[in-house]
Amino acid sequence: MSVSRSSDSISEKISPSAWKTLAILSLIATMVMYAETMLVPAIPDLIKDFHISYGMSSWILTAYLIAGAIMTPITGKLSDIYGRKKMLLVIMGVYAVGVSLGGFVTDIYQMLAIRILQGIGMSMFPIAFGIIRESFPRSKLAIGQGVITSMFATGAVIGLIAGGHLIQTYGWNATFFSIIPVVIFLLAVIARFIHVDESHVPTGHEKNNTKNKIDIQGAITLTISLSAFLMALTMLENGDTSNLFSVLGLVIIGLVYMVLFAIIERRSNSPLVSMKILANKIILPSNIMIMIVGMSMFMVFQTIPVLVRSPSPLGFGENSLVTSNVQLPFALVLLIFGPTSGFIVSKLGSTKPIIVGSIISTIGFADLYLNHSTELLVSINLAILSTGLSLTNVGAMNVIMLATPKQDMGVSLGMSTLIRIVGASLGPAMAAMYMQTHKTTLAGISGAFPTADSYNLIFLTATLISGLSIGMAIVLKRQLGKSSITN
7 MSVSRSSDSI SEKISPSAWK TLAILSLIAT MVMYAETMLV PAIPDLIKDF HISYGMSSWI
67 LTAYLIAGAI MTPITGKLSD IYGRKKMLLV IMGVYAVGVS LGGFVTDIYQ MLAIRILQGI
127 GMSMFPIAFG IIRESFPRSK LAIGQGVITS MFATGAVIGL IAGGHLIQTY GWNATFFSII
187 PVVIFLLAVI ARFIHVDESH VPTGHEKNNT KNKIDIQGAI TLTISLSAFL MALTMLENGD
247 TSNLFSVLGL VIIGLVYMVL FAIIERRSNS PLVSMKILAN KIILPSNIMI MIVGMSMFMV
307 FQTIPVLVRS PSPLGFGENS LVTSNVQLPF ALVLLIFGPT SGFIVSKLGS TKPIIVGSII
367 STIGFADLYL NHSTELLVSI NLAILSTGLS LTNVGAMNVI MLATPKQDMG VSLGMSTLIR
427 IVGASLGPAM AAMYMQTHKT TLAGISGAFP TADSYNLIFL TATLISGLSI GMAIVLKRQL
487 GKSSITN
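According to my numbering, the sequence shown is numbered sequentially starting from 7.
It should be emphasised that the hints constitute simulated quantities derived from the structure, not laboratory data.
Built from N, CA and C at the ideal position, the CB exists for glycine as well.
Straight-line Cα separation of at most 25 Å, BS3-like style, residue types lysine-lysine; simulated pairs: (1) LYS282 to LYS483; (2) LYS483 to LYS146; (3) LYS26 to LYS92; (4) LYS488 to LYS358; (5) LYS26 to LYS146; (6) LYS287 to LYS353.
Quick list of simulated restraints, FRET-style, between CB atoms: (7) SER318 to ASP203: 53 to 63 Å; (8) LYS353 to ILE53: 41 to 51 Å; (9) GLY477 to ALA168: 37 to 47 Å; (10) ASN377 to VAL265: 36 to 46 Å; (11) LYS488 to LYS26: 36 to 46 Å; (12) LYS353 to ASN325: 37 to 47 Å; (13) LEU290 to THR380: 39 to 49 Å; (14) VAL265 to SER23: 43 to 53 Å; (15) LYS353 to VAL265: 36 to 46 Å; (16) GLN413 to SER23: 21 to 31 Å; (17) GLN223 to VAL257: 20 to 30 Å.
Build out the structure end to end from the sequences listed, making use of the hints.
Put into structure tokens, the structure is as follows:
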């Protein structure tokens, strides 16, 4: 197998046009992550300006998440029917409207509407990965998606640093205005320079075939199910035990509609989520690992700022600048190691990097559990985590792209993005529950803060969750050994 991979690497070259496409898609990833992270420091200002509660302010993030989760598989299906470039332009257009109007909103409801439009824009990423599949040779796919993954880190770094300065100097409105020229520029560049093989796209009357219809019933049941689950998570994050029955009711609604969704998808001629693809013995463990990466990563993201900002001895008692510096190694390693992971996967295959990455990330979480008493120790462990998560994520995505039939690529990558979003939403909710249920007060300081037990529980839970990815990696290795896919 290693001989054939080596020959492929020699014979299959990445064309200049593929590199150009990758550069454009990388800029899109950077822009979207910048737009998302730059708003986080502004939430206290939005609470003050819109006169809303902390509970209501959580919907600024939740609305974005729900819209992205729901639209991702729908957009994936539409890209299979109408073509990836066309759908990328449409989604970018919707996103452009959202960011252009964002700076003019005057109340929370207008802001939520804008955030929904931005969330729809998040569904462009499965399209981007699909375009990479069309543009890059099979043996080089990991390089392309590794570079795009690293650009998420670039956008996050820019968003945290530049966004903070813009908010401090010009107000939160300026963060939206700063994105407008970039969006317009990228729309023009996509239209002019991205060229995609659309030979698989149905033409004429073929679009009216039942297999090319959008699954409306599936979309509605999926919307209700995901909305119910995410609303329940939001209520749990608020830490209010008086709404326990409401939370349970939402969970039951979510479960009922998820079952209905599964039944509808099995019977549909054009399912939104292909149960056949989802149950694929190679794709399923890969998606579980992607969910684990999202869950464990965002569990820590939710925790570190609180740990750094909380007063001593419960935290480090530092300011927002130190918080950024503590988290910077994670983003920088991801920025460097994202494309490096792609080259490693392209040379060694996917399974070895996935197994090594899962072990490294689990070690990082375990060491974070054992050693998080200083800023330096936390930063070092975050760098270790970033290395492991990069290898696991790039390897798992590469397996999914190789194992998915070309005509189902949009739906498959849409499902993977949806699964990642679900994991990312569970992580912060779990961390918030631990922090809310294990807190105390300090003499002379107003407010309550998480105790050492809360951080121990969060990092221990992240370690155990990450450990599951090692088992999934072993399962995946065995399944790939039985298949004809070059891994």
